[in-house]
Amino acid sequence: MLNKATARLFREDMKENIAGYLFILPNLLGVFFFIVLPLLFSLYLVFMDWDYLKGFGGLTFAGLDNIIRMAKDEYLGRALINNAVFTAVTVPLAMVMGLMLAVVINRFVYLKNMLRTIFFLPYVSSLVAVSIVWSVLYNSRSGPINSFLRDIGIENPPGWLASPQWALIAIIILVAWTYIGYTLVLYMAGLQGIPKDLYEAASIDGANRTTQFFKITVPMLKPTSFLIAITLIISTFQVFAVINVMTQGGPLNSTMVMAYHIYLQAFQYYKMGYAATLSWLLFCMIFIVTLVQWRSQKKWQQHF
Amino acid sequence: MRKSMLLMMLVGVLALSTILSACSSSSNGKTNTGGNGSETKEQTTENATDKVVKLKMWGGVPEESGPGEVVANWNANNPGIQVEYVRYVNDDSGNTKLDTALISNTDAPDIFISYGETYFNRRMHAGMTASMDELIQKTGFDVEAVIGEDNVIKHDGQIFYLPAMKQISMVLINQSALTAAGEQLPSDWTWDEYVALAGKLTTGNVFGSFIEAPGEILPKILLTLSQPQDSYYDAEGLSSFGSAAVQKGMQLQKQLYDEKSMISWPESISNNLKPYSELFTGQANMILGGTHLMRYVKNKEEFPRDFKVAFAPNPQMEKGGKVNIAGFNDLMSINSKSANKEEAMAFISWYLTEGNTAMIPGGRIPTNKQADMDKLVELFVGEAEDLIDVESLKQVLSIDYVFPKQVKSVAYAELTKILSEESEKYMMNAQPLDQTMERVKARADQAIQAESK
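First to last, the sequence lines map onto chains A and B.
Our numbering numbers the first residue of the first sequence as 1 and each following residue consecutively.
Our numbering numbers the first residue of the second sequence as 1 and each following residue consecutively.
The set of hints was computed from the structure by calculation and includes no laboratory data.
Just so you know, these numbers come straight off a predicted model, no measurement behind them.
A couple of the hints might just be wrong.
Stated by the list, open to error - In the DSS-like style, the derived pairs of lysine-lysine whose C-alpha atoms are separated by at most 30 Å in a straight line are:
| # | chain 1 | residue 1 | chain 2 | residue 2 |
| --- | --- | --- | --- | --- |
| 1 | B | Lys97 | B | Lys341 |
| 2 | A | Lys54 | B | Lys337 |
| 3 | A | Lys72 | B | Lys341 |
| 4 | B | Lys154 | A | Lys54 |
| 5 | B | Lys97 | A | Lys54 |
| 6 | B | Lys425 | A | Lys54 |
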């Protein structure tokens, strides 16, 4: 009797599962054909040379040539360094700015939502449009930024996008600016989750605002910070649109990054196999960074 | 519980079947499922298309600058062959779009225009271009009389494209600035003289010259002048970047920057400056341009100005040279997979003999040898006589030029990039000249060897 009942339950379960899978089948097919299949194909391309104009007939076996070529690629090193610098500066910058703004705006009684929307706008705007506007702002001769700098007495303002020393900094400022909205919104939500009595208790004990910020706010926001750090690192590693619109990797390759290097190889030199190899290198790097973060996340969690 | 289960399954299956049927209907156009109404509709349209051949032509010129009129002219006189023009942007992503359209089996173009031999050669080697010799014979198109056999590069003795446009490169000068400097309009000159004139035309905050970096740089231009045929490659098939012409080009361009006759290299790139806007907005008094800029020259609304533009021919290596760095372009090909090749050829033959006259006002000179020069200039100038020094334009257009020819395109895009990258280092004082010359040659040779392996 009991067995029969469990068997029936099991059958019901199966049926329900099948129904569930049928429901997600349309999406699953999409994921399979447009994500999984191209992913596997790009892995296959790592060992091939592909003249894609000839269709699948243009595939020729290349062995490890594409991987060996990476060692001789003088732009790869430059791109990796630029990527590392870009991520290492942009992510903390956006996080710190976002946190500070969140704390300030959170105190406001009025205009809170409006300010949040204003700061969030750049994040949801088209990055290409934003980049075009900023390249006008950055114009070294007649741009508003340099006009302002000259007005306040700086005689030789930086050349921004036209200068190999400043171009990467200019791009970091722009990208950090777009991400501030994102970090701000997440931090504001995080702040709301901190119980007020913690601050009350702290002020009774005589802790001032600064101490409260570092001893209560920052630690309590750790999970939020963790989420932001992971998502931002992943997306900053793939920075492309801004570079493509504003500098094309120049001047003197000072803004050459992995994603743009891959684009050049694939769509200017038509080296699909090598581009796929570089893409997998980028993937592995992001994967390792994320893995390390997950590990450390577990250690963090034990504190709570 | 049971009932709802069934219902869910049903919905799932239904959802799936709609997707599958939608897929199949788009791929072959004939579905047996679905309502009767839609089926009869499809049937009628199919019957109608039996008589009318529909051709798709892909080109890079905006529809309003000529192609729209061309297609309208043709369609009005040829009800049996209706041509549809699809515009693609002639940049990396636009060309990739055309490539994928050519690979696809549905909606593929019948006729397509490639800009420059590099893109064309790639497509030809991939077998995308149909051999045109037989088709040319059938339609009775006379290549020699219209274009000239020598102006078409054959591959294995066969024709895979026909050029529709003759682009002429020239120097555009602000006439008022020229008069103010007390200089004559040059008619036979060298690049050394260009650099000297650029110095004289530089006044206050207006530069004397603008040459678009990294697209039209002097190392590349002088190399073309010294070796019009396959300028990137030497006799052994390696790179010609070590040649004296490249070095001279680098030095001359550097001189323009050092003497402040031209806006600095990185500024011109990062601000995305274009020669025509530099000239017409009074930022520079002389630019290297060509017939493709004609539509901007005539554009008073966007570029209001109070000076005439005067035209001088391409500066040369030595006096008396007749090389023009532009040349035959708008390479028209027929898709090798097209089902209507003969109709496509009929259109191309009409286009090359008379159809492309409608492209002249947009700045495209037909390759047709029989075109009347006076009428051409008239169409070219249009109503913009107060903006153009017509005499000098006529003069520049009537010179019998030697045009560059490009048969090889081994690693061409990479070589171009290498030349501009190494030039950039020299122009920005990041690398001395001798080292630049060494590296540019070494890197280019390496790229060629890697490709031909």
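Against the structure, the hints:
1. B:Lys97 with B:Lys341: holds, 22 Å
2. A:Lys54 with B:Lys337: holds, 13 Å
3. A:Lys72 with B:Lys341: violated, 46 Å
4. B:Lys154 with A:Lys54: holds, 21 Å
5. B:Lys97 with A:Lys54: holds, 15 Å
6. B:Lys425 with A:Lys54: Not OK: Lys425 of chain B and Lys54 of chain A at ~37 Å, beyond 30 Å, violated.
In this structure, the earlier hints numbered 3 and 6 are contradicted, and the remaining ones agree with it.
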